[in-house]
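Peer 1: Single-letter residue listing:
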Amino acid sequence: MRTILKVENLVKHFDKKVAVDGINFNIEEGDFIGLLGPNGAGKTTTIKMLTGLIRPDKGKIYYYENIFSRHTPALKKLMGVVPQQSNLDRDLTAHENLYLHAILHGIPKRWRDAKIDEALEFAGLADYKKTQVKTFSGGMQRRLVIVRALLHEPKILFLDEPTVGLDPQIRHSIWELIIKTNRIKKTAILLTTHYIEEAEKLCQKVTIIDKGKIIATGLPDLLKKDIGCYVLEIFQEDQIEERFFKTKEESLEWIKRSSYPCKVREITLEDVFMKLTGRRINV
Amino acid sequence: MFNGFYGVLYRELNVFRKKAKKQLMAASLSPLLFLIVFGLSLGRDVTVNGIPYITFLIPGLITMASLNQSYSIAQEINISRFYFHVFDEYLIAPVSCIQIVLGEVMYGMFKGLIATVLIFVYALIFHVTLTLTPLFFVSILIHTFLFSSLAVAIAMLIRDHGDQSTVNTFVITPMVFLCGTFFPVEKLPPFFTSIIYMLPLTYSTKVIRASLTGSQVDNLYLLIMFMFAVCFFFLATWAVRKVEA
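Chains A and B supply the protein sequences, listed in that same order.
Under the numbering used here, the first residue of the first sequence carries the number 1, and numbering increases by one thereafter.
Under the numbering used here, the first residue of the second sequence carries the number 1, and numbering increases by one thereafter.
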């Protein structure tokens with residue numbers, strides 16, 4: 001597998017506040033990486049730098065070993081971008097939005113309509129081809145933005161909080177679309193999220209980011225195993241204490257000796273974040 | 001090769017098509033009001049520089065209406081930048097900034113030329129005789145190019161919607177009223193004259209009016225218009241290169 005994206009010591013400040021503080025990571029072809037962190041951790045800023053929407057203050061970005069700047073059109077062809085806020089044109093139809101993308105990304109005219117039909121089919125929006133986007137629900141808009149980003153067959157897809165604000169049922173349909181994209185189209189994906197369940201369910205590898213720094217990276221199961229497999233929550237008068245155990249038996253043993261009410265559960269990435277930062281991710 | 005240019009124009013013209021009725025009504029109403037108030041009421045029996053006031057006024061209204069329509073793309077870009085983030089799609093796309101600017105400017109010129117046609121319709125209705133010369137076509141193209149480029153530059157340089165209103169209030173509106181649309185600039189007190197000769201609309205109004213009324217056109221003014229247009233176009237391209245989402 002070749003390395004699509006290599007990020008070296010990326011730094012971004014907004015006024016005097018550090019938004020991204022010297023991050024490094026690589027993405028290989030076909031990878032599915034989750035950038036997990038709380039709101040304000042620097043996830044969106046990272047995506048914006050990687051896609052040329054903002055300039056980094058320091059650091060280098062390479063796509064297939066070519067250095068990337070905001071004005072390198074050839075490298076922009078390699079990426080598809082799904083921003084956090086839908087940037088579809090509300091006045092245009094689904095077909096017109098995709099057609100605009102096809103023109104901007106240099107898809108030859110003779111292929112445009114066929115590719116658009118295929119994309120709308122993939123998103124389950126074939127019946128809404130001629131419908132103005134302003135009438136679409138949040139989930140339909142998300143699906144359209146995702147297939148729009150895939151229309152020019154990018155090598156890497158950036159998904160910035162793709163399911164934020166969507167109800168659970170629609171979230172699952174978006175997940176299916178994202179998984180299909182990675183498995184069928186073999187597109188590498190970098191997904192940012194602050195939903196633990198989303199990172200655990202979708203991503204092969206997770207990178208945890210907090211206050212602009214990467215604090216852990218690895219396979220979700222290995223990250224969890226590093227601190228244990230089970231969590232014992234001990235409900236004390238003024239706080240909930242958490243203890244980590246390798247086996248369920250060890251935790252049950254501990255319960256017998258405890259004078260407080262306790263609960264055992266399997267460890268999650270949220271516990272990993274908690275262990276590393278002392279805070280919960282979704283606060 | 002010109003994907004950025006075609007893409008921007010495709011989007012803008014499609015959106016315009018869907019709102020054409022509203023856009024045309026907006027473009028035609030204010031010049032009609034000015035025509036009724038100044039041309040047909042206040043200036044009915046007045047002559048300026050030896051021509052009836054309404055003949056003097058119509059070229060001014062052409063300049064003003066085409067400026068307003070060309071410049072109105074600033075507002076549209078502003079909304080697509082700050083509210084709907086449609087402009088981000090251009091910035092992410094593998095196209096050069098100059099193509100984005102060219103697409104937007106071409107759309108601004110299209111809107112400005114539609115306003116021009118509307119004023120000609122008024123001229124026909126009110127029996128105002130104007131002479132159409134090649135110079136008029138050259139000057140209206142430079143004029144709409146100039147103010148469309150300024151619109152793109154301003155839309156990129158401002159930081160929010162409030163800044164846009166400030167520019168309109170302190171630059172565009174005074175320019176429209178002072179730069180010879182409704183009266184010869186020579187009638188202004190000397191202090192104002194020195195200021196308005198720094199503004200591009202003064203030259204546009206003089207050249208377009210002279211070309212339509214058969215007067216002598218000062219080539220220097222045409223050259224100054226051209227220089228303003230080139231400067232604003234490069235300013236717009238520089239601003240798009242610098243802009244961040």
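Any given hint could turn out to be false.
[To be verified] Under the rule of at most 25 Å between Cα atoms (straight-line distance), these lysine-lysine pairs were calculated in the DSS-like manner: (1) A:K60 to B:K242; (2) A:K109 to A:K129; (3) A:K16 to B:K21; (4) A:K155 to A:K109; (5) A:K115 to A:K77; (6) B:K21 to A:K17.
These aren't lab readings, by the way, just hints derived from the structure by calculation.
Peer 1: Are the hints correct? Go through all of them and say.
Peer 2: Hints and how they fare:
1. Taken as a hint, the K60 (chain A) and K242 (chain B) pair is honoured in the structure, with Cα atoms around 19 Å apart against an allowance of 25 Å.
2. Annotation: proposed proximity of K109 (chain A) to K129 (chain A) holds, straight-line Cα distance about 18 Å (limit 25 Å).
3. For the proposed pair K16 (chain A) and K21 (chain B), the alpha carbon gap of about 48 Å is over 25 Å, so the pair is violated.
4. Distance check on the hinted pair: K155 (chain A) and K109 (chain A) sit about 21 Å apart at the alpha-carbon level, within 25 Å; holds.
5. Between the alpha carbons of K115 (chain A) and K77 (chain A) the distance comes to roughly 16 Å, so the proposed pair stays at or under 25 Å and holds.
6. Between K21 (chain B) and K17 (chain A) the alpha-carbon distance is near 48 Å, which puts this suggested pair outside the 25 Å criterion.
Hint violations for this structure: numbers 3 and 6, all remaining hints satisfied.
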